[in-house]
Amino acid sequence: MTAPPDDCLARNDWICGDYLATRRHILLDAVLQHLHLTVVSVLLGLVIALPLALAARRWRWAAGPVLGLTTVLYTVPSLAMFSLLLPLYGLSATLVVVGLALYSLTLLVRNILAGLEGVPEEAREAARGMGYGPLRQLLAVELPLALPAAMAGLRIATVSAVALTTVGAIVGHGGLGNLIYAGMNSFFKAQVLTASVLCVVIAVVFDVLLLGLERLLTPWRHA
1 MTAPPDDCLA RNDWICGDYL ATRRHILLDA VLQHLHLTVV SVLLGLVIAL
51 PLALAARRWR WAAGPVLGLT TVLYTVPSLA MFSLLLPLYG LSATLVVVGL
101 ALYSLTLLVR NILAGLEGVP EEAREAARGM GYGPLRQLLA VELPLALPAA
151 MAGLRIATVS AVALTTVGAI VGHGGLGNLI YAGMNSFFKA QVLTASVLCV
201 VIAVVFDVLL LGLERLLTPW RHA
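Read in order, the letters of the sequence shown are residues 1 to 223 in my numbering.
No lab work stands behind these hints: they were computed from the structure.
Heads up, some of the hints might be wrong.
As the list claims (entries may be wrong) - Listed next, with one range per pair, are the computed distances between beta-carbon atoms:
id, residue 1, residue 2, range
1, Gly212, Leu32, 20 to 26 Å
2, Glu121, Ile15, 31 to 37 Å
3, Thr71, Asp18, 44 to 50 Å
All C-beta atoms, glycine included, are put in the ideal place defined by N, C-alpha and C.
Turn these sequences into a full structure, and let the hints steer you where they fit.
Listed below in structure tokens is the structure:
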């Protein structure tokens with residue numbers, strides 16, 4: 001009877017230290033690409049979502065179309081979304097970034113709008129009484145008070161983006177998703193498990209960092 005090989009790679013174990021030692025550069029490149037795609041897509045979504053939420057609050061007739069459009073975008077399956085964007089961006093990282101940004105709009109717009117609508121009218125009246133114009137009132141009063149709701153949406157959107165980034169592997173830009181899909185096709189257990197665990201770690205780290213940022217920006221809620 002043949003003894004099992006000593007090399008965990010040869011045995012194709014799920015947990016294998018040799019995989020980490022021999023593929024650390026591949027893992028680092030995949031993690032960096034995953035972080036880049038996630039951060040850029042969420043920031044792009046935030047840049048688009050903020051004016052949409054402000055428009056929906058300023059003009060009540062715009063709230064329905066804005067929320068309806070972002071909801072429809074969120075219901076489109078990821079493969080279909082990337083296919084629709086393919087003629088515009090080709091097989092590029094931009095395709096993944098734009099797709100993820102569109103998915104984040106539902107969570108970001110709804111939560112920013114909810115935060116703005118939750119600002120007490122007394123706070124607005126006090127700001128106007130102190131001579132604040134509309135822009136100063138927005139920046140100094142309304143947005144800070146809307147931060148808790150907005151940050152809740154940002155946390156969920158970021159964690160969702162970490163997960164959806166893996167789907168970008170279908171166009172060759174999926175960060176850790178590239179390793180997961182390649183490992184599944186070849187049944188490379190250590191690669192699938194390691195890349196999956198790293199995705200979870202990234203999502204948890206992002207969530208903790210954003211929670212800390214929220215506490216830093218809203219000290220009055222934790223006094």
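Which of the listed hints are not met by the structure?
When the structure is compared with the hints, only number 2 turns out to be violated.
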